[in-house]
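Visitor: Given the coordinates of chain A, work out where chain B should sit on it, guided by the hints.
2 protein chains.
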Amino acid sequence: MPPAGPRSGDAIFASVERVNAELFTLTYGATVRQLLTDLEEVEEVNKQLDQMGYNIGIRLIDEFLAKSNISRCVDFKETADVIAKVGLKMFLGVNATVTNWDAEGTCCSIVLEDNPLVDFVELPDTCQGLHYCNILSGVIRGALEMVSMKTEVTWLRDMLRGDDMFELQVKLLKQIPEEYPYKDDE
Amino acid sequence: MPPAGPRSGDAIFASVERVNAELFTLTYGATVRQLLTDLEEVEEVNKQLDQMGYNIGIRLIDEFLAKSNISRCVDFKETADVIAKVGLKMFLGVNATVTNWDAEGTCCSIVLEDNPLVDFVELPDTCQGLHYCNILSGVIRGALEMVSMKTEVTWLRDMLRGDDMFELQVKLLKQIPEEYPYKDDE
Numbered sequence: 001m002p003p004a005g006p007r008s009g010d011a012i013f014a015s016v017e018r019v020n021a022e023l024f025t026l027t028y029g030a031t032v033r034q035l036l037t038d039l040e041e042v043e044e045v046n047k048q049l050d051q052m053g054y055n056i057g058i059r060l061i062d063e064f065l066a067k068s069n070i071s072r073c074v075d076f077k078e079t080a081d082v083i084a085k086v087g088l089k090m091f092l093g094v095n096a097t098v099t100n101w102d103a104e105g106t107c108c109s110i111v112l113e114d115n116p117l118v119d120f121v122e123l124p125d126t127c128q129g130l131h132y133c134n135i136l137s138g139v140i141r142g143a144l145e146m147v148s149m150k151t152e153v154t155w156l157r158d159m160l161r162g163d164d165m166f167e168l169q170v171k172l173l174k175q176i177p178e179e180y181p182y183k184d185d186e
Numbered sequence: 001m002p003p004a005g006p007r008s009g010d011a012i013f014a015s016v017e018r019v020n021a022e023l024f025t026l027t028y029g030a031t032v033r034q035l036l037t038d039l040e041e042v043e044e045v046n047k048q049l050d051q052m053g054y055n056i057g058i059r060l061i062d063e064f065l066a067k068s069n070i071s072r073c074v075d076f077k078e079t080a081d082v083i084a085k086v087g088l089k090m091f092l093g094v095n096a097t098v099t100n101w102d103a104e105g106t107c108c109s110i111v112l113e114d115n116p117l118v119d120f121v122e123l124p125d126t127c128q129g130l131h132y133c134n135i136l137s138g139v140i141r142g143a144l145e146m147v148s149m150k151t152e153v154t155w156l157r158d159m160l161r162g163d164d165m166f167e168l169q170v171k172l173l174k175q176i177p178e179e180y181p182y183k184d185d186e
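So the sequences go chain by chain: A and B. Residue numbering for the first sequence follows this note's numbering, starting at 1 and increasing by one per position. Residue numbering for the second sequence follows this note's numbering, starting at 1 and increasing by one per position.
Just so you know, the hints here were simulated from the structure itself, not pulled from any lab data. Among the hints, erroneous ones may be present.
All copies of an identical chain are treated as equivalent in the list; a pair is satisfied when it fits inside any one copy or across any two copies.
With a straight-line Cα cutoff of 20 Å, these simulated EDC-like cross-link-like pairs (lysine to aspartate or glutamate) come out [stated by the list, open to error]: (1) 85 x 114; (2) 150 x 38; (3) 67 x 119; (4) 171 x 104; (5) 174 x 158; (6) 174 x 81.
None of these values were measured; they are calculated from a predicted model.
One chain only, chain A, in its complex shape:
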């Protein structure tokens, strides 16, 4: 019998299939390096990482909904909490918190104190404009679009740039009406 309510990120993370985090980290690092070689412009790499993340997010949302037993969030506030407490835990195994809400409740920050993507990573001087973790903001943007929320996701703080944590700003731009047919990007 399936559990009646939403499951915690820890419980889901413990039950899903996983791979070694270092393999993931190094594979991601090799990807970024390859993009830097192929595309040359750091700004282009940022864009591609975001787009790759978006393509992942629009598919990952299915696994998320299936495994988490979360069917619908009341509002954007609850959505942000679910990303931080369940989503990031379930996929990356990290803890995150939501903070810095604006008065309208349409913009907040998700703060990560840990991030397996950047283990062993140091940016050379030539890559100072690189948003190394842009794939992650893309994933969140893509996943939210599949549940009818058009968002803008931006890195405000980045440990690879000397900040003391990762801060991701998530801004709700538009709530797409539920009856809108999903666009198939595949």
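Guide: Structure of chain B alone, referenced to chain A:
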């Protein structure tokens, strides 16, 4: 107190940090897709995936040696067994077997019945020459080079090409003398 002998792949896999396998699979898929877009030629993509794997392998070997308590293999036969039973289990969580040894004991096949890299993957007709999992053969080649074995690693069977399993041929080309200084590819 550290355990005295080598640890099993299962035990190590249970104890290391991990991330969600689907996230890994989709990230790898996005990488391959990106390379296909950027490089256009399937043969070029095969080469790049292999090179990315090689760069990962020469770093991953350190984690492998540290976590597995394996210090040195007696010969190439034992090495192949360790890759199949410990390495692939520890990093990908899969079971593999070694088979098809040649008379000299310098060439064998590693057979995988499962492979998280290819979940949800179907190759379009335009990509029939693609060795989708070439990153994996590159990882093995890179890791072995760091323990003084120069090898050639080739896919003989591939489930994405309609075979019933994955078969990776590992051929020992040269055993580099132990005193040889490691080449720093970084």
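Visitor: In ascending order, which of the hints set out earlier in this document are inconsistent with the structure?
Guide: 2 and 5
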